[in-house]
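Q: Spelled out from the first residue to the last, the chains are:
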Amino acid sequence: AQSVAQPEDQVNVAEGNPLTVKCTYSVSGNPYLFWYVQYPNRGLQFLLKYITGDNLVKGSYGFEAEFNKSQTSFHLKKPSALVSDSALYFCAVRDMSNRDDKIIFGKGTRLHILP
Amino acid sequence: GAVVSQHPSRVICKSGTSVKIECRSLDFQATTMFWYRQFPKQSLMLMATSNEGSKATYEQGVEKDKFLINHASLTLSTLTVTSAHPEDSSFYICSARDLGKGPEAPGWTEAFFGQGTRLTVV
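Those sequence lines, one after another, are chains A and B.
Counted the way our numbering counts, the first sequence spans residues 1 to 115.
Counted the way our numbering counts, the second sequence spans residues 1001 to 1122.
Derived by calculation from the structure, the hints in this document are not laboratory data.
Wrong hints could be hidden among the right ones.
To be verified - Simulated pairs of lysine to aspartate or glutamate, EDC-like, Cα-Cα distance not exceeding 16 Å:
hint: 1; chain 1: B; residue 1: Lys1041; chain 2: A; residue 2: Asp9
hint: 2; chain 1: A; residue 1: Lys107; chain 2: A; residue 2: Glu8
hint: 3; chain 1: B; residue 1: Lys1041; chain 2: A; residue 2: Glu8
To be verified - One-sided excerpt, in silico: chain A residues whose CB lies under 10 Å from chain B:
hint: 4; residue: Asp9
hint: 5; residue: Asn41
hint: 6; residue: Phe46
hint: 7; residue: Arg110
Beta carbons are placed, not taken as given, at the ideal position from N, Cα and C, and that holds for glycine.
Given only the sequences and the hints, what does the whole structure look like? Please build it.
A: Here you go:
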C-alpha cells in the first residue's frame, strides 16, 4: 500500500523566514502527491498536487512543493512565512493499489509562525 | 469551483439517539465520497468510501451498522451515526471526488473537503 510520512509533529518558524514542512512517500508506480492545510475546526483545504511534469509545483497562498524522486520526498515550502500560515499541514498520496481509489494522509505537521 | 458543503458544523446529541451528517458537492459531480474521522491533534482516519448508487466500502474496524452511509445521488452523501455514545464524539469530515471525467477535471486526482462536523454525544 502507498503511504506518506511526516517526520515532524511541529515546526516553528519566525515570520518572514522561509519555511519547509517535510514529507516522504512510499509508493509503487508513479506517485500522485498532495498537500492540504487545516485550520482549527475546519475541513481540509487543497494546496497543491504533483502528478507528473515539473518537479517544482506551485500552489495556493504562495506555497510550493518539490518532488524529489531519488529521495522519495515531497517537501512543502514557502519563501517567506506569514503568521496566518500557522495551521496543520497534511501530506497525502493517492492509493490505487486496491479496487478503491483512496487518498491516504500523513499524521500532520503543526506549523507555528512566530511574530 | 469544487466546493463541498457539510452540514451541520456542530451537533450535540443525547446518548442513544441517531445523528445524520450531510455532505454535498455544490458545483461538481461527486462520483466518490469519503468519510473521515479525526481525533484531537491526530490525522484523519478513513472510515469508508462510497460510490454513487452503490454500497459503501468500510475500512477495517469501522462498524457498518453504526455508521450508515448513503450516497444516493451525485451531489449528496450522508453519514448517520446510529445509537450514538460518548465515544463517538469526534470531528467528522467528508470529501468528494469526481472520477467520472479525465485527469484535467477538478476532483479527479485531488479530493475536496467539507468543513467538518463536530459531534458531541452527551
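Q: Among the hints numbered above, which are violated by the structure, and what are their numbers in rising order?
A: none
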